[in-house]
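Asker: Below are the chains, spelled out letter by letter.
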Amino acid sequence: MQDTLMQQGIDLMIYGMGTVLVFLTLLVIATLIMSRFVMRFFPDPVVAEPSRPAIQTGRTAEVDPAVRSAIEKAIALHRARR
Amino acid sequence: MQDTLMQQGIDLMIYGMGTVLVFLTLLVIATLIMSRFVMRFFPDPVVAEPSRPAIQTGRTAEVDPAVRSAIEKAIALHRARR
Amino acid sequence: MQDTLMQQGIDLMIYGMGTVLVFLTLLVIATLIMSRFVMRFFPDPVVAEPSRPAIQTGRTAEVDPAVRSAIEKAIALHRARR
Amino acid sequence: MQNFLRLWHDSGIYHLDLGQGVMLLVGLLLLFLAIRKGFEPLLLVPIGFGAILANIPGAGLSLSAVENAIASGYPDVLAQIAQVLGASADAGMQALNDAYKHAPAAVQADAYRLATDLGYANGMLYSFYTVAIGSGVAPLVIFMGVGAMTDFGPLLANPKTLFLGAAAQFGIFATVLGAVGLSVTGVIDFSIQDAAAIGIIGGADGPTAIYVASILAPELLGAIAVAAYSYMALVPLIQPPIMRALTNDDERKIRMEQMRVVSKREKIVFPLILLILVALILPSAAPLLGMFCFGNLMRECGVVERLSDTSQNALINITTIFLGLSVGSKLAADKFLDPKTLGILALGIIAFGIGTAMGVLTAKFMNLFCKHKINPLIGSAGVSAVPMAARVSNKVGLEANPQNYLLMHAMGPNVAGVIGSAVAAGVMISIVSSL
Amino acid sequence: MQNFLRLWHDSGIYHLDLGQGVMLLVGLLLLFLAIRKGFEPLLLVPIGFGAILANIPGAGLSLSAVENAIASGYPDVLAQIAQVLGASADAGMQALNDAYKHAPAAVQADAYRLATDLGYANGMLYSFYTVAIGSGVAPLVIFMGVGAMTDFGPLLANPKTLFLGAAAQFGIFATVLGAVGLSVTGVIDFSIQDAAAIGIIGGADGPTAIYVASILAPELLGAIAVAAYSYMALVPLIQPPIMRALTNDDERKIRMEQMRVVSKREKIVFPLILLILVALILPSAAPLLGMFCFGNLMRECGVVERLSDTSQNALINITTIFLGLSVGSKLAADKFLDPKTLGILALGIIAFGIGTAMGVLTAKFMNLFCKHKINPLIGSAGVSAVPMAARVSNKVGLEANPQNYLLMHAMGPNVAGVIGSAVAAGVMISIVSSL
Amino acid sequence: MQNFLRLWHDSGIYHLDLGQGVMLLVGLLLLFLAIRKGFEPLLLVPIGFGAILANIPGAGLSLSAVENAIASGYPDVLAQIAQVLGASADAGMQALNDAYKHAPAAVQADAYRLATDLGYANGMLYSFYTVAIGSGVAPLVIFMGVGAMTDFGPLLANPKTLFLGAAAQFGIFATVLGAVGLSVTGVIDFSIQDAAAIGIIGGADGPTAIYVASILAPELLGAIAVAAYSYMALVPLIQPPIMRALTNDDERKIRMEQMRVVSKREKIVFPLILLILVALILPSAAPLLGMFCFGNLMRECGVVERLSDTSQNALINITTIFLGLSVGSKLAADKFLDPKTLGILALGIIAFGIGTAMGVLTAKFMNLFCKHKINPLIGSAGVSAVPMAARVSNKVGLEANPQNYLLMHAMGPNVAGVIGSAVAAGVMISIVSSL
Ligand code: NA
Ligand code: NA
Ligand code: NA
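Chains as they are written, first to last, in the UniProt record's numbering: chain G, 1 to 82; chain P, 1 to 82; chain A, 1 to 82; chain H, 1 to 435; chain V, 1 to 435; chain X, 1 to 435.
Okay, chain G solo, but in the shape it has when bound:
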């Protein structure tokens, strides 16, 4: 029984770690092919933004368009009033 448990643990390790490696290797290959394919046949019409920091833990940093336009209007108004 205890031998079996040990055996189960070793099996889990071998097949588990193996699957992780195989899966991520396939993902590397698929990603490389995809990137090449997309860059060659479907390039973005305009150049995309440089890669941003990966995970934003807070709220999205971008300002709401409505807010931005309000600011721009406010400043335009302010400038016009002078």
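I should point out that these hints are in silico values taken from the structure, not numbers from a laboratory.
Straight-line distance between alpha carbons at most 25 Å, and here's what the computed BS3-like set of lysine-lysine pairs gives: (1) X:K37 with H:K264; (2) H:K364 with H:K160; (3) V:K395 with V:K37; (4) X:K160 with X:K373; (5) X:K371 with X:K160; (6) V:K160 with V:K373; (7) V:K37 with X:K264; (8) H:K37 with V:K264.
Following the hints, put chains P, A, H, V and X with the ligands in place on chain G, whose structure we already have.
Answerer: Just chains P, A, H, V and X with the ligands now, kept in the frame of chain G:
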């Protein structure tokens, strides 16, 4: 049985379309009466805004009051500092 | 049975109101001790804000940091452009 | 032609009875009060709308699948339901509904399965009620949001105002006695559970009232919630005469000293102190006060602003919508158009009055002992009804002395009243549910 | 080695059959249409993704616990399930699935408990479907949000445009007849429930279609929802040829007079008028139109902006995510890769076409009597497909006369079409569910 | 007097036992770590608070209705429960609880109905746990939100960093072996399910750990979640010594070349590629990675910003609140104050250490073959703990060379680690649940 299905379909059409027409006709009548009644006895204290585009699919376009006041404050401050 | 109901009501009143008084008295005592303890041994590094209105029924009044920074940037930009 | 008859039989007018007609008007009245008169609109708009939906004749939106099956009135359906419930097949619909309500849970489950097999489903509002109130979760989530909106600063600056929040809860228990009295004298038949649930109206706190009523007297929930929110909206009319009658002009002019600044850390520790006290002394108040303290800790701790924001906005709003509709679903004609409702409305306003009076009198009593005098007008804020009652204290104070701003001082007893009524709720549930 | 075999047996490729492969491509196609072509992306992105998840071989995400137990294929599991279902132990998996589907609710509950005892669980998408659509709540909540986004101003300024919204629903019932015809002639076998659910595609309103299909023909829900949303996205291609064919240049140039200003109070009262009419005449439309009116009342009453905001944003967005994934879960290969789907797609586009034509023709018919002429191009907006169809009216109008802005005028029939199809949904549920 | 005794018997102090007292302190400690020390406060504030609520003596907030009935201790209640469970009437409360836990689902349902008939209800936290974690939905929704917050740009610019994310998962499996070893040597008795659930702490990813533990070892969920989040917060202390020990100064100074710009379309296609690979190879990882990819697709596709926003804000916040409280409800004294918890805490930190080391060593190993050298410090970010581990890589890199900004480069392995541990979770669930 198949005759029955056809009959059911025709029934559904007649009574269904009939109900839609009757219901919306009643709604037209009720709305006209209501509008006349409200406009006559309970007119808005001030004139309401002209009817806006019917369905906004995005977020509400208005700027948050807090944001607007922040902008106004920022501009006032900016003006004061000059 | 009806006597019992009356009795139950009176019991509920005595033990209920008693518990409320005892509980809140203990809370007053615990709060006073806590406040003294915190003020003595763990004073805030800087003085805290004065107590705000107790319950805000609307949205939080503070402006989002992203919005504030956007405003500041907008004004800086505006100033720089002049 | 058969279809036309069916449509006619399915139509609302065919099924409309007087009670439902009256309740449709009650729903419209609640909407009028909420929209035109500003009576606690966040709750009374959904409640009023829910009341209309619940009383649409023939729609059965507030009925369970079994009740909908019974309401269909088909003899073979009734016979099958009766068999499952162990009732006589020709007992009549009312008897079957009663049998269903009092059946053991296992039989109810069987009846439900039979009803779904026969093609009946729970009404929309019934589903909302089950999820939002039957489970108890909606009032608790709203209490969490209220906690996240509450600033205990004024209370911490002057903790003895907690006594005012305690005293004002006397309205709750006096009303319990009143309800029991009505029952004993044979005027209206209230059980002790009913009496306790009615009393909590005096707590002047909506979610607490709904929570207690959903546990002790779900039948009366609709009337109790309507009374609680209506009277909270009427606080500016109910309280001032009582406040003026119990104070003289000198007392109303008392100026209270400037509050001390309360530190961030005190505010962080306070909800934990309250929670630990609840844990040690009154576990039956733990759901309500636990969620309240959790909301307040999220607000004050400063490291989970995301969560605090959400619990004050999206989460409390979503919950309010479904809570309101669910409460409205309990405004069915046969429950609401009952002498009990009149009794509840009468007792509720008495509860508010007694609570207000006890708050004011206790403030005067405390002034006999305390060095720093309390303006007795802030005592009335102890009933809760946040923040309306505190504004009323401020307004009456300004009438006596235009320089006398009591709002901040009144917030102390005001939030103390929330704690007080949650404690009262806990002790009532604890005592009553074991009687 | 045994584990390696297990991993292989658990892998998707091992289980992949042709149908699932095709459905994975269908899911990707839906995503392509949504992302690249802008086909109603808010719904079709979740639906397409859900379709892919539902067809992951061996994952069983869209299966119930019992179906997952049956799909495991272990003989002892099958034997136990068969015993509970009262089926033969060697009936085969398909027969067991059928037996489960048609078993009484009590037997289903027993089978579910057995499956959980055996370690099987409901798939993720199955759970989403049960909560979001099975309960009926998600389409209703979305309808509430749509109500909160809808401005009835243009409709109130010109109530006779309601007739256009009524006429365009003829597409619904013509399609019902078409589906019945296909069945009678033996082309495709549709029941009357199927026919009614397919017809509602012609309502050009997503939540209504999903709500009706979930009640009358859950098996066809996936195809119906995909057809409804796809054709709504294709409205700018489908409608203009029909509109041009049925009008001459003079008609298209008709300029409509400036709309009157609609008062705030009219807007507040209108949803209540609509609600009361529903209550009195068509209770079976009460869930859909009730929630719609509730959302609109929250929008217009002006005292519950918090709730209105939340129902237009957080709540509708959350619901849309789970509704979309749930609809996608119904795009299983054995249901979708069926001649019925082709029939649904063909009937759906006919429904849109007939609805468009009837709207335009009715506008021309009304011009025979009315003093203030209606531009018949706004008739096509009566199908709903808000706000796309109104924009199409405007665009075709501008082609005929660059000064002729029809958008506001077309919003009247556009929102009338939403009411019209909800009424049609109610009457169909009422008639069909009792046949 | 009887009521006073009842109140006393209902009070917390009367019921308080040592274990609960200790757990109240553990809850306060977690709150202290979260608020004062900044340990993953978004999760540890709700978890700590939930732990306090769960251990309020006599409140039974984390117990099911049946457990609450048993805990009441009334002999007649126990006798009825025992009869339903087929146990001896005088078996004692612990035996009845065990009998309930291991009873078939049908018997549990009967016992639940009996308990509700007797007036007992599920505790608040028990309900939260059932809905949020028991159903599996909360970790999945959070994973969707995390997907919507994740930018795969750095990973796509340099896909071979995926290997680092794979290598660091060795910590998971080494820990499984460690747990098995403890069990075999008789130190602590862990089953293979327990071992797998403990191992996943090494994945350094909260929702993944909670998801796996809720499936494989719900009893250990509380300790596992606390360990996972605590060690994620401690990454800045755990990782640097290991990173410094395994690298020399020259390696730490390696400057990596500027990343290429990644196009929008690559970012849209990547989650679909990942999803299809999961579908074909490892369906058991489909729920976790499916929701992750769905969130990411919503983020990148650019046409459903509403949904992406909501899943990053309102939805993930609401889910986090209830997930945290639910996890806290598993911190009951009898489960947490157990040698197993010490074992879990010890194994967890070993898992983090081994994962870190394997990440660094694999980076050095890859440098033997690759033209573009990798700074081995970014290998440690492969454990996940997003974005803390990437920041640690950056900080240690800056110590060696103040111009060497590694943050962007470390984000590649960092998000690869999320994928890696979700794959590991899938394969463990697949293998273990069939052993
Ligand atoms: Na109160
Ligand atoms: Na329509
Ligand atoms: Na990881």
